[in-house]
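Please assemble the complex out of the two chains, which come individually in their own frames, going by the hints.
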Amino acid sequence: MASSAQSRIKSISYAKYGYIFILPFFIVYFFFQLWPLINTFIISFQGNGADAGKWVGFDNYKAILSSTVYDKAKVLSGDKAERAKMALAAQHDAFTRDFGNTLILWIGNFIPQIILSLTLAVWFTDSKLKIPGKGFFKVIMYMPNIITAASVAVLFLSLCSESKYGAFNQILHSMGVVSDPAKDPVKFVTGIGTARGVIMFIQTWMWFGNTMIMLMSGIMGINPSLFEAASIDGANSTQVFFKITLPLLSPIMVYTLVTSMIGGLQMFDIPYLYHTGNTVNQHVETVAIYIYNHFHQTVGSAPNYGYSGAASVVLFIVTLILGSITFYMNRDVEAIKKKKQRKLLEKQLKAQNKLGGFNI
Amino acid sequence: MSKMKAVYGEGTDSYSFKVKLKSGILLAWFIILTIICLLPIYILLVNATRSNDAISGGFSLIPGGYFGKNFDSMKNSEYVKPIFNALIGYKNSAIITVFATFLTVFFSAMTSYGIHVYDFKLKDVAYTFILMIMMVPVQVTSAGFVNFMIKIHLANTYWPLILPAIAAPAVVFFMSSYMKSSFPLDIVEAARIDGCTEFRTFLQIAIPMMKPAIAVQAIFAFVANWNNFYTPSMILVSGKLEQKTLPMMIQAVQSSDKFTDYGVVYTCIAVSIIPIIIAYIALSRFIIEGVALGGVKE
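Heads up: the sequence lines are chains S and Y, in that order.
Residues in the first sequence are numbered from 1 upward in steps of one, following the working numbering.
Residues in the second sequence are numbered from 1 upward in steps of one, following the working numbering.
Isolated chain Y, as found in the complex (with noise of 0.2 Å):
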């Protein structure tokens, strides 16, 4: 007995060292990897905060008392007024956005209540469809998008950005595998038994059953549309800031050779992600069981 406790007393002993030690050296590498990640947007937020000679002196971690002015200078210079102007782009962003994911949400959420519900000669092939489309880049579609919208004389408008949002295949996907998987077709039945029509089965009894995959899709499609810099930066040529969504923006403080104020740039990249960021910190939990819903192959 005591012979087999020593074996294994000493086994178990040193298989827990073990484990500590490998969860001790994985910590410290995990708390490495959240460095990396928090560095960048670190330094910025305290170059926000730092005067243009104290951003040429030297490098350092410890926030300056200079943002007021930063922030001052972003609002009131003359080199910044013209291609940056916080507010306008936030106004400017939101509009797009809110409509672009309402759409994008709605109608997919839709089409899949469609393909799902109802048995219609074209309903494999309109699945096959969407399944095959889904996978085509904005980029291959631009040049003949630009130049049909110019031809119709919505180059300039919100409308090639905001209406193409209603077919979003990939969302239907999603949207499809998720009814499958808990949408059960007696409701449907049922509602017609109780003299319920069509749409008010899908706008009463379906929207509210697929709150979570539209709650996933609206926060992925917020997201896509609220970063897009390509489509906007190829639709809005007009140069107007009045125009110009918040990526617009920073691409001009970018490409402007009058910009010289370091502290200046810092504020404005970092007054155009901060709510992104407070955003994300809000919904955390929420978005990563999103990616791995996203992830999970049907």
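Chain S with its partners taken away, still in its complex shape (with noise of 0.2 Å):
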């Protein structure tokens, strides 16, 4: 029973603390995000290096999206108009590789790692096998991916060196692979299939413990009665996986699977630094990358805001694709029925109410 005093609280309307509650964190959002992106819309419009603040309209898009066909002799007799079109085309196969690249590094690093994570978040869970020290595998297997990128991207690059200092070609030496580290290396940084895959392999390296986590608590949610009652019915373990296990999990696993694509399309730290000399290697350069080097300032070079801006829309639209199926995944299916079910109860009791008033 609620007493006087109580229903005076009550009636006194707090709702002014809760805007005061969130202003700081949307004033700062505004500023430093929702403007951001804006403004990358805008300099999307406008031109590069020195032309940079003219409104160029669709031209950016055009130059990184469809690709421009040019006259190879006419660039070589110098002319200008021809050369313009040529670093339009330049522009166009760099977008699309970078683009290629990223996802065939994802790819590449989110199959590995999904099977890695899921046996090992299956076999975690299994109360019947009897493994021990599981939380020492735990910890070890998740410590790569606490490490700085940055660090690690340079100390593989330094184990992969292709020279007699490379840990790795070292190893392949005792093992009789490599003949001559210093002569005769396997070319880890500057091959196209190897570098890549020692960039996937640094990925997986890094999120499988992740991921194995993330699953291994999904898993846990499942009713354990389920487990029991297929264990008593005689399904073996390959059953349970695939007939229990899976299909329980398949919101998590959709949900793994967007946050990886979207933190796939980020990648940055290890393709940018995984390389010797001063060009980032053009078969694991990602679109992130693209964009970093168009706007980055670098000594001598005005920045390329428009074609950096552009890419940046680009990935923002596969970004909100991906994102709005977690988003609709996510959604509290309950809460939202619920909801339209008081809303529907409110229209009942305004009607009544209006009879209501009509039999008085």
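Don't read these hints as lab results, they were simulated from the structure.
It is possible that part of the hints are untrue.
Claimed, not checked - According to the in silico footprint, chain S covers these stretches of chain Y (three or more CB under 8 Å from chain S): (1) 56–70; (2) 78–92; (3) 102–114; (4) 140–152; (5) 201–212; (6) 264–271.
As the list claims (entries may be wrong) - Restricting the straight-line Cα-Cα distance to at most 30 Å, the calculated cross-link-like pairs of lysine-lysine (DSSO-like) are: (7) Y:180 <-> S:16; (8) S:16 <-> Y:121; (9) Y:121 <-> S:339.
To be verified - Residues of chain S placed beyond 12 Å of chain Y at every Cβ, according to the derived structure: (10) 89; (11) 97; (12) 134; (13) 184; (14) 196; (15) 230; (16) 294; (17) 348.
Quick caveat, the model's predicted, so the values are computed rather than measured.
All C-beta atoms, glycine included, are put in the ideal place defined by N, C-alpha and C.
Quick look at the structure:
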């Protein structure tokens, strides 16, 4: 029973405090994230280099998304228009190449990672198996995730070095695969497939522990009586995995897939640092590196904000599609149902009140 | 009876044998994975204790006695000194990380408290908005962000690295779901009856009650900020050593072509990752519980 004091307190509106509490978040968000996002859209319609700030319409999008044909002979003879066309074609090639690289690197690390994490998660949560030191294994397998990615990249760069200093080439040498690490090393850094392979390996190495723990908490959320019932009915572990664990885990699997995809689109630190010499290895250059290289101010060249902005917007649209998938999967179905019911009841009540008014 | 025992006895024997065999095979597989996880770090530590000549001579798992000299040349050699200084790196990374982490957890707690406790018109709109922007990656806004920061003369300062930490949608989402499950609104009512102001209720009642969620998110925010390479390297473009964070110094080590002493390179990398590994080992149980919590869908 509410006392009169309590009901009086309840009648005071505290709504303004709600706004005060959430205000700092939104001010900072609008200033440091939303406006930069809008600004990215604006600069994507503006020129590059010296033309920064000049309105160019959809030119940047056209340059990176559609191929431009140019005449090589005219370029050699010094035709300025053809040279500009060649620059546009180069942008298109670079962007599509980087998008492809991002996709290849993501797929190449996601597939081994999910297989490894899923099997490990199932084995770690299986109460029938008697494996000592599960906690220890979990701690060690998560560890690579916590280490600075920049340091990891430079560490692997040193380990994979194509010289007599490279530890991996030395190991291969002692196994008899490489005859002389100084003269004929495996090209872990400058090769196409090998460099991509190493980056996929680093990504898997860094992230499988994280995915494993997330999937484990998903499996532990499944009602244990289902596993019991299955084992009483005589199901073996393969059947349990495919008929119970996997179907019930699918929401979390989709969530993992989409977050990993969005994370994959952002892949930057490791491919950016995994090279010798001054330029990033083109075969591992990702979209994030494309964006970064264009707006990053280097000595002697003006930033190409336009291309960078256009590529960002393309990335944003891809993320938006992926994000809305997770948002849709993540929505609270029960809460939405309840809300709809409540609204319906309110409507009915109002209608009844109206009728009641007539009766009196 | 004896027949049954014979049948079932055999059955359990072969069953437990099967379980033992499977456990043994899996144990071996886990040990292999553990070795793969640790080997690169172990080689790093071993090579940090060997001279350049020893490293070129071949692969070894036994530490050498050269760490002191490597450490010395990391501090004093004319090639390393201008691009890598561990103390400055620690200091700069720590300043940014500590402030950013504090702002992230404090203001996220505040925002989620505002959304959870109060009833106001735009409440649902605000929460839906936060959920929607959770997934927008930094790379998407970075071009406009840098462009804007240069315009308002905040490039080459720490402000653009610290202040945006106030708006961390994912942390707000996590804390909101934590509050939903373990922060009863009756407490707020009781505090009001006792004459407690709204901000005091938040500071002295809500924050202590949210400690577990705050601790988990603080650890993750700390790690993310400490390891961040992308944002600092696009904002801090002056190239001055005094301003660089630790990952940026590691990048300088990587891109320098004067750097030919591998012992020193390994020492620099080791120095950059040892603090975080020690912190991880100390907090590992807590961190793993935190990851598991984050994975549970609401």
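Handout entry: Proposed proximity, residue 121 of chain Y with residue 16 of chain S (alpha carbon, max 30 Å)
Key = holds (10 Å)
Exercise for the section: Confirm or reject the statement that residue 97 of chain S sits farther than 12 Å, beta carbon to beta carbon, from all of chain Y. Expected result: Since the minimum Cβ distance to chain Y is about 17 Å, residue 97 of chain S lies beyond 12 Å and the statement holds.
Practice task
Between the region 201–212 of chain Y and chain S, see if three or more residues pass the 8 Å beta-carbon test, and mark the coverage as holds or violated.
Solution key: violated (count 1)
Practice task
Check whether three or more residues of the region 78–92 of chain Y sit with their beta carbon closer than 8 Å to a beta carbon of chain S.
Solution key: With 0 residues close enough to chain S, the hint is violated.
Problem - No chain Y beta carbon within 12 Å of residue 184 of chain S's - result: Its Cβ never comes within 12 Å of chain Y, the nearest being 16 Å, so this holds.
Exercise for the section: Check, residue by residue, whether the region 56–70 of chain Y contains three or more positions whose beta-carbon lies closer than 8 Å to a beta-carbon of chain S, and give the verdict. Expected result: holds (count 3)
Problem - Given as non-interface: residue 294 of chain S, which should sit over 12 Å from chain Y by C-beta - result: The claim is violated: residue 294 of chain S sits with its nearest Cβ about 8 Å from chain Y, within 12 Å.
Problem - Given coverage of the region 140–152 of chain Y by chain S, tested with a Cβ cutoff of 8 Å and a minimum of 3 residues - result: Result for this restraint: holds, n = 9.
Practice task
Please confirm whether residue 89 of chain S is truly not at the interface, meaning its C-beta sits more than 12 Å away from all C-beta atoms of chain Y.
Solution key: holds (22 Å)
Handout entry: Distal placement of residue 230 of chain S relative to chain Y, Cβ over 12 Å
Key = Answer for residue 230 of chain S: holds, closest chain Y Cβ roughly 16 Å.
Practice task
Would you check whether the claim that residue 134 of chain S is not at the interface survives, using Cβ distances to chain Y and the 12 Å cut-off?
Solution key: Violated, because the least Cβ-Cβ distance between residue 134 of chain S and chain Y comes to about 9 Å, which does not exceed 12 Å.
Problem - Hint consistency between residue 121 of chain Y and residue 339 of chain S [alpha-carbon to alpha-carbon, up to 30 Å] - result: Roughly 15 Å between the alpha carbons, so the hint for residue 121 of chain Y and residue 339 of chain S holds.
In terms of the numbered hints stated before, the structure departs from hints 2, 5, 12, 16, listed from lowest to highest.
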